[in-house]
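> Each chain, letter by letter, is given below.
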Amino acid sequence: MSLHSQPPEHAHPTPLTYAKVAIVLALVTAVEVAIFYMESLRPIFLPAFIVLSAVKFTLVAMFYMHLRFDSRLFSGLFVGGLLLAASVIIALLALFQIIV
Amino acid sequence: MAALTVPGVLRRPASYTGLWSWVTTVDHKRIGVLYGVTAFIYLLLGGTEAFLMRLQLARPDQSLVSPEAFNQLFTMHGTTMVFLVVMPLGAAFFNFMIPLMIGARDVAFPRLNAFSYWCFLGGSLLLNSSWFLGGAPNAGWFSYANLTSKAFNPGHGIDFWILGLMVLGVASMAAAFNFIVTIVNMRAPGMTLMRMPVFVWMTLVTSFLMILAFPVITVALIELMFDRMFGTNFFNPAAGGQPILWQHLFWLFGHPEVYILILPAMGIVSEILPTFSGKPLFGYPVVVFSGIAIGFLGWAVWSHHMFTVGLGPVANSVFALTTMTIAVPTGVKIFNWIGTLWGGSVRLTTPMLFAIGFIAMFIIGGLSGVMHAAAPSDAQQQDTYFVVAHIHYVLFGGAIFALFGGIYYWFPKVTGHLLGEGLGKLNFWLMIIGMNTAFFPMHFLGLDGMPRRIYTYSGEMGWGLWNFVSTVGVGIVILGVLVFLWNFFSSLRRGRPSGGDPWDGRTLEWSMPSPPPLYNFAAIPRVNSRDAYWEQKRGEVGDPPTNSPRSNSHNEHSSNGPIGRRPQGSYSDVAEAARLSIHLPGLSYFPILVAIGLTLAGFGLIYNLGLLFAGAALAVLSIYGWALEPVSDPAGHPLGH
Amino acid sequence: MEHAPATGHVAIEETTTGLSHRKLLIWAFLASECMFFGSLIATLLVYHGKSLSGPGPKEILDIPVTSVSTFVLLLSSLMMVMAYSAITRGRVKAFRIWIMCTAILGATFLGFQAFEFRHFALEGLTPRTNLFGSTFFTLTGFHGAHVTVGVIWLLSLFGYSFRGDLTRESGLSVDLAALYWHFVDIVWIVIFTVVYLIGVAL
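Residue numbers (the numbering used here), protein chains in the order written: chain A, 8 to 107; chain B, 54 to 694; chain C, 893 to 1094.
Certain hints may be false.
Said to hold, decoys possible - Far from chain C, some chain B residues (derived; all Cβ distances over 10 Å): (1) E102; (2) V234; (3) I507; (4) F542.
As the list claims (entries may be wrong) - In the BS3-like style, the derived pairs of lysine-lysine whose C-alpha atoms are separated by at most 27 Å in a straight line are: (5) B/K478 x B/K332; (6) C/K942 x B/K203; (7) C/K942 x A/K27.
No wet-lab data here; the hints were simulated from the structure. For each residue, glycine too, the CB sits at the ideal point set by N, CA and C.
This is chain A alone, in the form it adopts within the complex (with noise of 0.2 Å):
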């Protein structure tokens, strides 16, 4: 436990912020839903999906993880795994050759 390890305490949002991310997130949820439904939108279904499911991904991380007010190191080693486990799974997509 480090003198340092607490970041003082106006860095952190405050229980308003968190409140008004949940907001976010139900909302972005719902609007998948919403899109799942709708046919006439299949052909934006793909990308649609994968930009919504990141914004919330990050908005979890940097607001209920800190990792906005955080370290950036925390960020890095984060990151870091995130993007080799993308990596990973875009390649194998490729090498099977679901995705050219």
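Got chain A; can you put chains B and C on it based on the hints?
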């Protein structure tokens, strides 16, 4: 008097001597010794497996070893050498040396460190118990699907392989997390990243490879286990499953694993060469960045193990190019090592010989590696002895040579005695002559078309001569190892006392007595440059030179005689730590209990659900005990504060 | 995990980066977990549409029900940050309420999953049925196992709060559990999108 009662179960261990003190130790130096000794015993076991195979292959049409036993031998030889020898020997040096080199009193999580050793021991015993429980795994160290499916491999060998590797994976990851945090967070004041010894850098890169690569093999093992135990379809072609997926997942792990094996070796060599050349490492930043580059690129080359699978020209070309790219940072490192030797006042001690031997052998192995990187050429070499020659040049001539160099280099730091130089040189020459006799002819055999993993061959094939030569070479290597053992045991008792700094060392571990006291540093050093201890010895203003090259008896700790063996972790160390108000991490039963629980759970998954739950329950309860037990004993160690 | 209860005996250590060891550890662990779930997701995607027999995702996945359970897990993340916020302000009683809410919502999510698994088994989808069954149950099963560990961790923190160990200074212990919990939540965000929405739609 000072034992804390942990929730009504166990009294906290408090003795720093005797067998129980080893079982409950959390001292990184003792854990390093445990790793080293255990791994060396497995080296002898893996070597015996190799020798049996070589005896079988020495002449055509022999039947010394049955085909079934031969399959088990090559599977276990590979698995043992990778997971139970080279990795843990590297871990032995991580454990013993990293805290000393960065100027820390221990690792960041001492109990987690103990846990990783016990987990390694448990996993290795689980894996090797298969010899006595119906037969060892027999599908190669890569265990390709479908050789491993229940239909074709009904015994328990593969199950032992799966669960053994899972437990070993837990051990490796626990150690890797620990060393990442230790290196990032526990450096002495002034030791910036670019002042860290290269061995520390390579340990950091290796640790990152471990935490990112082991989850992939874990998933592959889980899928294989589910296929075998619960009838899922991951690798079952009858249900559309693709065995090729196993190859991808395995090599996605397997290639970074190659660098997990070789980067620590490169780190050791990067420590030995400057010390015995009397000049700093040539192009330090380039060596560091090359190591990082190798770590990155290691992720983008895995399919070069699969050139003959039929991935298509595009995939093969991409992986051929990325593989050739890796030769660049590797070559850069080799030039830097040679540049370090150039113009230096070279002392050809045994560690130095091993380091130079490493460079020479690794160049040969690296060159045949570049040959494999060309996909069309690889199509000719795939699954022949040519590949066997390649991997032994990089892993025996490379990794094992560097690790032996490390043993000769750091043995005095661990024990306070030098290994005999005469025997050491004999050991080196036997090993380098033996390994070239054993493995160079395999190039010829491979180009002559001799496949890997065959238990015998017909005399008409014309492979008899070189196979016989190869077996003789392994015999010479074995002589070398016997000389090492002789040297080791005689030096342990009667070796020349080394003092703190027998080699005119550059890095912080040489600034302390040998063996180092339980608490490492009485005062945490301040670092002002790379090669910090050289700098200090050459008399920076304000820092009285504590040592001059090769006359170092006055560097010994005051409470000890000028020479001779100090019992490690002795009562006097504990007293001294108390006097200096240094908090020692408390001994703990829980790491070994969690490891026993996991190992029992592994046996349980194979044999008995009750045992599975008992093992899991032991692990969970011990984790709670661990979580509730303070890091250091609040009631104080035996002498109080 | 070196849980050091803040009994006042543990020496405060200076670290090179000024960051705590344990927090560095958990982030490295989460990076490693990315590769774990990444490999499971890769397997599922590689085998998407490759099953030789039914039922597949289109026939069996129930988007409305899973939308509700997704919402439950998102809500639990909100409760978790509220619990963290409470403990850093020294409000132990509020902390207990929020952390209990988090655990209950986590358990509710697990209830949904148990219901879903049972329902699928009755409909004829087990891990042995086809490739979709093998990949689906393995991926969501391991996610569920992570949620289970999380619930146990949260309940343990709830328990510790009565030992007087958990004070404003030990917000770190809560922080670690919270990071783990949010990570499990974002893994579910990915699973919901990849396995459910994309899996059924495409």
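> If you test the structure against every hint from before, which numbers come out violated?
2, 7
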